[in-house]
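Trainee: Residue strings, one per chain:
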Amino acid sequence: MTQPKNPPRIDWKRAFGLREMGVYYALILLVVSLAFLTAYLGKANYLSVQNLTNVLYQTSLTAMMAAAMTVILVTGNFDLSVASVAALSAAVMVGTAESLGVAGAFGAAMGVAILCGLLNGSIVMFLGINAFIVTLGTLTAIRGLVLIYTDGRSLQVSGAEAVAQLKALEGATFDVGPVMLLAGLVMLAVAGVSLLREKRLVPMQIGMTLGGLALAALSWANEMVFVLRAPVVITAVFVGLVWFVLTFTTVGRRVYAVGGNPEAARLSGVNVTAYRLGAFVLCSATAGFAGILFGARLRSMTPTALSGMELTVIASAILGGTSLFGGAGSVIKTVAGALLLFSLTNGFNILNLGANYQGLIEGIVVVAAAAIYTVGNGKARSKTS
Amino acid sequence: MQLKNVRKTFGLYVHALRGVDLDIHRGRVHGLLGANGAGKSTLIKILSGAYAATGGQVIWRGSEVRWSSPKQANDMGVATIHQHIPLVPTLSVIENVFLGQTGLWRVNAGMRQSFAALCDRVGYRLDPDALVSDLSIGARQMVAIFQALATGADLIVMDEPTASLASDEREIVYATVRKLSKVENKAILFVSHFLDEITALTDEVTVLRDGATVFRSPTRGLVEAQIAEAIVGKEVAAMEKATASRARHVGEPVLQVTGLSAPGLAPIDLTLNKGEVLGVAGLLGSGRSELLHAIYGADRFARGEVRLNGQLMRRSTGAAVAAGMALVPEDRFGQGLVPDFEIWRNMTLPALDRVSRFGLLDHKAEVARGEAAIKRLAIKAPDAQSIVSDLSGGNAQKVTIAKWLFSDVQLFLLDEPTAGIDIGAKTEILRLVRQLAEEGKSVIIVSSEFEELMAACDRIIVMRDGRKVAEKPAHDTNEHELLLLAGGKDSTSPHSSHDRAIGA
Chain A
1 MTQPKNPPRI DWKRAFGLRE MGVYYALILL VVSLAFLTAY LGKANYLSVQ NLTNVLYQTS
61 LTAMMAAAMT VILVTGNFDL SVASVAALSA AVMVGTAESL GVAGAFGAAM GVAILCGLLN
121 GSIVMFLGIN AFIVTLGTLT AIRGLVLIYT DGRSLQVSGA EAVAQLKALE GATFDVGPVM
181 LLAGLVMLAV AGVSLLREKR LVPMQIGMTL GGLALAALSW ANEMVFVLRA PVVITAVFVG
241 LVWFVLTFTT VGRRVYAVGG NPEAARLSGV NVTAYRLGAF VLCSATAGFA GILFGARLRS
301 MTPTALSGME LTVIASAILG GTSLFGGAGS VIKTVAGALL LFSLTNGFNI LNLGANYQGL
361 IEGIVVVAAA AIYTVGNGKA RSKTS
Chain B
386 MQLKNVRKTF GLYVHALRGV DLDIHRGRVH GLLGANGAGK STLIKILSGA YAATGGQVIW
446 RGSEVRWSSP KQANDMGVAT IHQHIPLVPT LSVIENVFLG QTGLWRVNAG MRQSFAALCD
506 RVGYRLDPDA LVSDLSIGAR QMVAIFQALA TGADLIVMDE PTASLASDER EIVYATVRKL
566 SKVENKAILF VSHFLDEITA LTDEVTVLRD GATVFRSPTR GLVEAQIAEA IVGKEVAAME
626 KATASRARHV GEPVLQVTGL SAPGLAPIDL TLNKGEVLGV AGLLGSGRSE LLHAIYGADR
686 FARGEVRLNG QLMRRSTGAA VAAGMALVPE DRFGQGLVPD FEIWRNMTLP ALDRVSRFGL
746 LDHKAEVARG EAAIKRLAIK APDAQSIVSD LSGGNAQKVT IAKWLFSDVQ LFLLDEPTAG
806 IDIGAKTEIL RLVRQLAEEG KSVIIVSSEF EELMAACDRI IVMRDGRKVA EKPAHDTNEH
866 ELLLLAGGKD STSPHSSHDR AIGA
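As given, the protein sequences belong to chains A and B, one line each in that order.
The numbers in my numbering rise by one with no breaks, and the one at position 243 of the first sequence is 243.
Count along the second sequence from 1, then add 385; that gives the number in my numbering.
Don't read these hints as lab results, they were simulated from the structure.
One should not assume that every hint holds.
What the hints assert, rightly or not - Below are the DSBU-like pairs computed for lysine-lysine, each with C-alpha atoms no more than 35 Å apart in a straight line:
(1) B:Lys-760 x A:Lys-199
(2) A:Lys-13 x B:Lys-760
(3) A:Lys-199 x B:Lys-564
(4) A:Lys-13 x B:Lys-765
(5) B:Lys-749 x A:Lys-13
Isolated chain B, as found in the complex:
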């Protein structure tokens, strides 16, 4: 029994699949990789029935099928777990799991039985009556997996299931995936940006680039560098390592933080020098985003002092922007961009004074700025008139960063700038950070990928449970140590504070 997906083309304007071959076998975990815009999402949508393929064949259990709706695909035994977990936050766990089922009662005894059976099969306990909005992101991911299993699917498509999870939560997902494929003989298509989990978890790998399959291989015997090379097409991956060794001269203090606290953040003191890159290592819920928002003045409930160049800052985002601070938030489309605006209108939003005279906007200057940003950061978009919600994740991220590059910003606060984007874009962003530091700007980067911090930062602080637990020069620490510090011995499950950003 197998799904054999011979060739498909999907003719839309920009993102098209130009012939993708993919074989997924029962009892195997198949890894799917590709840079942003390579066509992964389109492929998943075809598999899940959200789009119809415009050419080629989808062969499922030996016969060709054409799905016209997700429901149809579901009935045939294909379940998809989407990246942004589409659960109903106001319903209970069990109601979400059996959402697609018909019947008179919201919850009946049969459902409870099958739910208990599901828990046993997966080996993970969830309270069936808890509200989904009260769960941590990891638990929500499990609800989504349960939902897929409840449909009795034989092929489960997982679109970056671990992208927003902390490491212990990831382990649970890995264990579940292994169990499903080995014990229950399900076929699993596992989409991810993390090379380590692909090599550890999958049996076969397919890499997409520019809408076509460029690499297919069994996972055994592959090294991460080979996959990385297939994804970006060049040896960009090596760059990241090369930047690590450097001794840097940094200037006088720019930012001084004393006794800054906020909900979810214990009082913290911090100093940042001119031209310095400070990394904040911490897991979800460690208070890292709260720290950035508090420094930026975006948190009304923050207390304590923030001084930029000796000047005490008012607690207002307007004052922060005027003084030369820039915040690139974690949730791109929720907090960083106006989704229905074109690239150029997003670009100029924080610095409208620079493209206007007496409050009158200079349209040409604005569009020119959009074009300049596209050129400078190699944003993949037809032109500055493109609507940002049409861009892929990595390119949208570049826009959120680029909008700060054209004003006199001295302090960049980057919250997970590389989350969920491919290696190529990641490397470019890290390189940009170094470049900004060379120009004498100061940068604070929050990341849960510690090797990135090692590559880009001069100094790293580690946060856990809302407080700073360590501070190290980047050349005097390593990934392993950071992980231990950030995870801590008493790793209480981190949640609640971030659920807001992802939920609903």
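In isolation and in its complexed conformation, chain A is listed as follows:
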């Protein structure tokens, strides 16, 4: 492959502007101020391994669903029903864990979730009804199914064997200290190699260097012991996979094209219907999986569990700069958005600030983020369409 004579210009101002990097800045700012505040006030240190792993654990299910939500938003659709699907799948998991065995229950719960996704997607794609309206309906209807299935009561797993298996599924822990150190070093190496190859600084190298340093330092400071629970590891792997597919593969390119201009994508030979339907199924399947983890965590299920979670999921995607009109979004930033929301909650708890203020602050953060993205967008483009 011949190298173009003029390497593409880099817009540093844009690459590190609020619009592109805002969510990272906000997250770093929040974490640093929480760390200082906790140290100053003599509370439990925010940056302790215990607290960090705790925040990650709390974020994991939302982050996983938000990553899938990002995909569906990128294709230009919307899914409000994720929390209900997760609840249904959790209910099926808890309800059948003893009769079908844990593996059987897992299959049943995933099957139900995928069916929900197919239902949502088919109504939207084949009847042509707006996704917002369809999933607003299924949000209520699927929650209704949960009530019917549980008969309005709490379900519980009591068989000793099933409990043990569920514990093993959800409660497993992994020491990722060495992996983190290794990943940090690899990221530093990638940055170095890229610098040598390009013979100039590009934004990616700076991100890789900072990320690599942070990972390696964190691991080193804790003597290479960093114990994470299964949901965190699963979420990390899942998000990494989605990010890879969206960024480097033809499938990812088509996903963005479908959201950017469905008609142009269709006339370029992309099967728009399949991609959009696939996004619905992915979104519901991920919600179902998150529901299974949730069910396995509590080994019981109340009919109203996970209510309202869809709003946190969508808020995370918006904080991450995902466009509600399709065609733009990044799963990594969405995860940063989820971490931001849960760090806020966690900080409120640690600092013993009134929980009453929490909702207000979170809401303001979401609107402020959306404002930054919109205003930044308006300036970058000319006023005409």
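Model the placement of chain B on the given structure of chain A, informed by the hints.
Mentor: Positioned in the frame of chain A, the structure of chain B alone reads:
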């Protein structure tokens, strides 16, 4: 009373005006011409108050003004009719016309009176209560003109008002323009790509090139060739004529269409040979776009058989692309491009397999392809990283064509590939079509500019009201005959089927 526009510079990154002089007088029609990217749009935006000039003076009625908003310009008596008619499709005609007016009621008796008065002044009747979304494009254009008149403007800026109109609809616009300038003594700035209407309609002409005025003259005594030369700077115009005379050898059939029908398209049979260029002459709503979409498999409701190299095609755009068909749709940004993608990402979309291995994209190969396209079609863009929505119309069109040039395409379906673009880009695209035919590709071009078809095609079919009405070898017909055939004696007003593409 006059608007004297001495010098203006507009400092943005790419498109800048480097000193434009323009005098527009009351009671005259002033023609403004220029290639894509010459700065016409920027100039219009300054006149309409959407942008502020960064240097020079805008003098209006003898005193210098600085408009900071379209509303301000409007209040001073300047109204602009934009190219993509910004009407509210869900409101009625009268509501759109008086959209800028304040008052409590949506429609009151006073408005009805002034609307009736407007109709009388212009001599064109519109139903005030019809919904704009139900109107034909020509009628919408008239609504936009009414809107401008309702503000009581003395200077009316018209940005390519006839670009998407059929010929009878154009006549109405011409008549209105003449009446406004001669009878009502308005000043009119008329922006157009059509040289014939500029010579027929205007009193004075100004030509822009690369952001500066290069040519100013009264229209009387000018010939089209002079203006064309001023626009492109060279005698590119002559090229178009030269390609016309040729005898060509064409190969065996590539495309066979039997009994193909679709909503807006009566059953049609068609055969296309290898290396042949087939022109489809037809006016708006004649079923020409429907024909291309049906062949391409993009119309779910199409019926009938399409065979490419003897193979029966499934009705799916994916199958069409895989089999080697390419469609360049009429609406560039609506159907042809992903506006927020860079040139390179748009370029590789139909043939991602060629720049990837096992589904993994090769970024360098993709960008290289974008650069190659810029070079091959002389696309005016800083590099392949440019976002396509920042490109001018002609350059965006080149991208929509270029994205098909790097895969094994045998049949190109081009829907109005030269609409709304300047002569320079037009000539390049027509030349590219001939070049593709020399390479043994087959091409179908739809166009409402019949002299283009005469220049580029081997064979021409004429469509009217959704059916094929004639088929002629290109050397055995002429523009006049095509026009008569396409217009027909019973020229019922063509609309509805295309409103979708332009509306909203």
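Trainee: Next pair to validate is A:Lys-13 with B:Lys-765; report whether the Cα-Cα distance is within 35 Å.
Mentor: holds, 24 Å
Trainee: Going straight from one Cα to the other, do A:Lys-199 and B:Lys-564 come out at no more than 35 Å?
Mentor: With Cα atoms ~65 Å apart, A:Lys-199 and B:Lys-564 exceed 35 Å; violated.
Trainee: Starting from B:Lys-760, check that the Cα of A:Lys-199 is at most 35 Å away, please.
Mentor: The hint holds at about 26 Å.
Trainee: Given the hinted pair A:Lys-13 and B:Lys-760, is their alpha-carbon gap at most 35 Å?
Mentor: holds, 28 Å
Trainee: Are B:Lys-749 and A:Lys-13 close enough, with their CA atoms no more than 35 Å apart?
Mentor: Answer holds: B:Lys-749 to A:Lys-13 is near 24 Å, not above 35 Å.
Checked against the numbered hints above, the structure violates only hint 3.
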